[in-house]
Amino acid sequence: MLRTKSQVSLELMAFTGIIMLMLVMYTPIFWQQERAIIFEREDLIGNAIALSIEKEVNTAVRFGSGYSRNFTLPERILSKDYNITIYNESRILSVDWYGGGVNRQLITPKIIGSPSPGQNRIENVNGVVIFNG
Amino acid sequence: MAKGQIFSNDFLLAVIIFMLILTTIQATQMKMFEKIDNDREKIYYESLLSRTDTLILYEGYPEFWSPSDVEVLGFAQEPSILNVTKIKYFVSMDYDKLKELLGVRGREFYVEFTDSEGNVISDGGIVFKKGRDDWEGAEEITVVRRGVILNGREAVMKVVTWK
Numbered sequence: 001m002l003r004t005k006s007q008v009s010l011e012l013m014a015f016t017g018i019i020m021l022m023l024v025m026y027t028p029i030f031w032q033q034e035r036a037i038i039f040e041r042e043d044l045i046g047n048a049i050a051l052s053i054e055k056e057v058n059t060a061v062r063f064g065s066g067y068s069r070n071f072t073l074p075e076r077i078l079s080k081d082y083n084i085t086i087y088n089e090s091r092i093l094s095v096d097w098y099g100g101g102v103n104r105q106l107i108t109p110k111i112i113g114s115p116s117p118g119q120n121r122i123e124n125v126n127g128v129v130i131f132n133g
Numbered sequence: 001m002a003k004g005q006i007f008s009n010d011f012l013l014a015v016i017i018f019m020l021i022l023t024t025i026q027a028t029q030m031k032m033f034e035k036i037d038n039d040r041e042k043i044y045y046e047s048l049l050s051r052t053d054t055l056i057l058y059e060g061y062p063e064f065w066s067p068s069d070v071e072v073l074g075f076a077q078e079p080s081i082l083n084v085t086k087i088k089y090f091v092s093m094d095y096d097k098l099k100e101l102l103g104v105r106g107r108e109f110y111v112e113f114t115d116s117e118g119n120v121i122s123d124g125g126i127v128f129k130k131g132r133d134d135w136e137g138a139e140e141i142t143v144v145r146r147g148v149i150l151n152g153r154e155a156v157m158k159v160v161t162w163k
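Taken in sequence, the protein lines are chains F and B. If you're matching positions, the first sequence starts at 1 in the working numbering and goes up one per residue. If you're matching positions, the second sequence starts at 1 in the working numbering and goes up one per residue.
Derived from the structure by calculation, the hints contain no laboratory data. Heads up, the beta-carbon is just placed ideally off N, CA and C, and yes, glycines get one too. Any given hint could turn out to be false.
Which chain B residues face chain F? A few, computed with CB under 8 Å, are given here [said to hold, decoys possible]:
hint: 1; residue: Leu13
hint: 2; residue: Val15
hint: 3; residue: Phe18
hint: 4; residue: Leu22
hint: 5; residue: Val72
hint: 6; residue: Arg145
BS3-like, lysine-lysine: derived pairs with alpha carbons at most 25 Å apart [stated by the list, open to error]:
hint: 7; chain 1: F; residue 1: Lys55; chain 2: B; residue 2: Lys42
hint: 8; chain 1: B; residue 1: Lys31; chain 2: F; residue 2: Lys55
hint: 9; chain 1: F; residue 1: Lys80; chain 2: B; residue 2: Lys88
hint: 10; chain 1: B; residue 1: Lys42; chain 2: B; residue 2: Lys88
Turn these sequences into a full structure, and let the hints steer you where they fit.
Below is the structure:
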């Protein structure tokens, strides 16, 4: 009786051990994949934000003087704050967040101001694109 | 006491639930990766649309660029009215350099300008097309068409990227 009991206990420990081993093996894999998913999603959202600003600028240039429009950008990239910078001379739009960033080329250097997370306004005044003027 | 007690219903249920949780996590993550791939394709397409906007709305940089000093491609002399000389320059340029300037990484590209009857436009013996059109068997093709004015006539700029 006693011998059978301990045998069961050993088998139980062996099975539990296998399951624990699987858990230990899979946890880093899942964790790594989760990190990769977050990184990819941040990059996608950052790209989408940069692209939407680029499109706003393209549209403002195409419409010409007198154009104005309100648009909204996400407040955060997943859980991270982000900054938008426009470098007029090089016509570069930069969207940066902790751990990543994207650049896009703009079609005009004639830009005053820059958009920010949340509500924004874009205008074309005599060929100059003005953000939140 | 039976030996098989270890395979009690409770234990089996616990193992099944454990395996289900692992499988669900794995399946969810795979789905997320698929969604990310799809979203990336959408962003790429929109990006290509925007890039073609740049080509037809913008004169490029420097304004009067040539193949040796171009930093940003643009064909416009006015929005949607294209400069024939710049298209000739474009056609004469190195394919790999153009890939870089167009921002087409990891893909091939093909650009052509056609008239209202669909014929590829040529001027002074230079055919207005550039790139690789051997996309048969390509895993993925993205096409963007834009109406433009070329030599005072309506034309279509077609941009194809593929991998």
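Consistency of the hints with the structure:
no.	hint	in the structure
1	Leu13	violated, 13 Å
2	Val15	holds, 7 Å
3	Phe18	holds, 6 Å
4	Leu22	holds, 6 Å
5	Val72	holds, 6 Å
6	Arg145	violated, 17 Å
7	F/Lys55 x B/Lys42	holds, 15 Å
8	B/Lys31 x F/Lys55	violated, 30 Å
9	F/Lys80 x B/Lys88	violated, 46 Å
10	B/Lys42 x B/Lys88	violated, 31 Å
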